[in-house]
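Sequences are here, hints too, so could you generate the full structure?
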Amino acid sequence: MFFFTSDTHFYNQEDLIFDFRHFKSAKAFDKFVIKIWNKQAKKDDTIFVIGDFVDCDGEGYDGWKRALSYVKKIKAQVVLIMGNNEDRVVKYYFDNDYNKFREYCLRLGFKDVQKEMTVSFNGQEFFLTHKPINYKKGVFNLFGHMHRAGGLYKPFGINVGCDLNHFWLYSEKDIQFLMDMKEKYWDKDKNLNMKID
52 MFFFTSDTHF YNQEDLIFDF RHFKSAKAFD KFVIKIWNKQ AKKDDTIFVI GDFVDCDGEG
112 YDGWKRALSY VKKIKAQVVL IMGNNEDRVV KYYFDNDYNK FREYCLRLGF KDVQKEMTVS
172 FNGQEFFLTH KPINYKKGVF NLFGHMHRAG GLYKPFGINV GCDLNHFWLY SEKDIQFLMD
232 MKEKYWDKDK NLNMKID
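The sequence shown begins at 52 in my numbering and counts up by one.
In case anyone wonders, no lab produced these hints; they're calculated from the structure. Where a beta carbon is used, it is the ideal one built from N, C-alpha and C, also for glycine. Please note that the accuracy of each hint is not assured.
As the list claims (entries may be wrong) - Here are the simulated DSSO-like pairs of lysine-lysine, each with C-alpha atoms no more than 30 Å apart in a straight line: (1) K188 / K235; (2) K233 / K90; (3) K78 / K142; (4) K123 / K93.
Claimed, not checked - Label pairs and their in silico Cβ distance ranges: (5) E176 / K94: 21 to 29 Å; (6) S171 / H73: 35 to 43 Å; (7) V170 / P206: 16 to 24 Å; (8) E65 / L159: 19 to 27 Å; (9) K90 / L157: 24 to 32 Å.
Printed below as a string of structure tokens:
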């Protein structure tokens with residue numbers, strides 16, 4: 052089974068404040084999230100983290116190394132889609148070489164690392180991209196980056212940010228439910244498609 056999430060920003064104390072994550076420490080948050088992921092997703096399952104697994108503000112911060120090593124604690128296979136924070140890790144610590152970063156992550160235990168990708172389940176195709184601005188037309192998009200700010204729904208897809216699901220993973224069933232809600236209700240609700248002059 053496939054599971055989806057984004058924007059964990061593991062090993063980052065500031066994100067607890069920024070996202071109103073009510074944990075005493077980043078360590079407590081990280082432990083909680085990994086515990087519920089391991090409860091949801093089993094060894095043969097795949098978790099797609101659609102960007103910002105780590106946090107990186109620039110040079111001189113090595114918390115991203117600790118965060119990436121968490122993959123060893125996760126039972127399921129993890130596929131990382133590059134987010135803006137992973138892009139900064141590549142820029143500052145891997146000589147702007149995405150392939151070096153990808154190889155590093157594979158050695159740690161990630162199943163794969165991709166900039167963007169398409170997956171299919173239940174006869175439906177999904178485009179995974181971190182920033183919603185990079186959505187793909189004609190395909191249902193799963194994205195992150197906005198945390199809570201942009202909400203769950205966009206006409207082109209769903210925000211799978213961890214803060215919108217109380218840090219639980221979105222399962223295939225969850226995604227199908229949200230797609231059904233989008234099609235039956237949200238796309239037809241004029242109040243959700245407000246245009247600001």
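Here is how each hint holds up against the structure:
| no. | hint | result |
| --- | --- | --- |
| 1 | K188 / K235 | holds, 20 Å |
| 2 | K233 / K90 | holds, 28 Å |
| 3 | K78 / K142 | holds, 26 Å |
| 4 | K123 / K93 | holds, 14 Å |
| 5 | E176 / K94: 21 to 29 Å | holds, 26 Å |
| 6 | S171 / H73: 35 to 43 Å | holds, 37 Å |
| 7 | V170 / P206: 16 to 24 Å | holds, 21 Å |
| 8 | E65 / L159: 19 to 27 Å | holds, 24 Å |
| 9 | K90 / L157: 24 to 32 Å | holds, 26 Å |
Violated hints for the displayed structure: none, as all numbered hints are satisfied.
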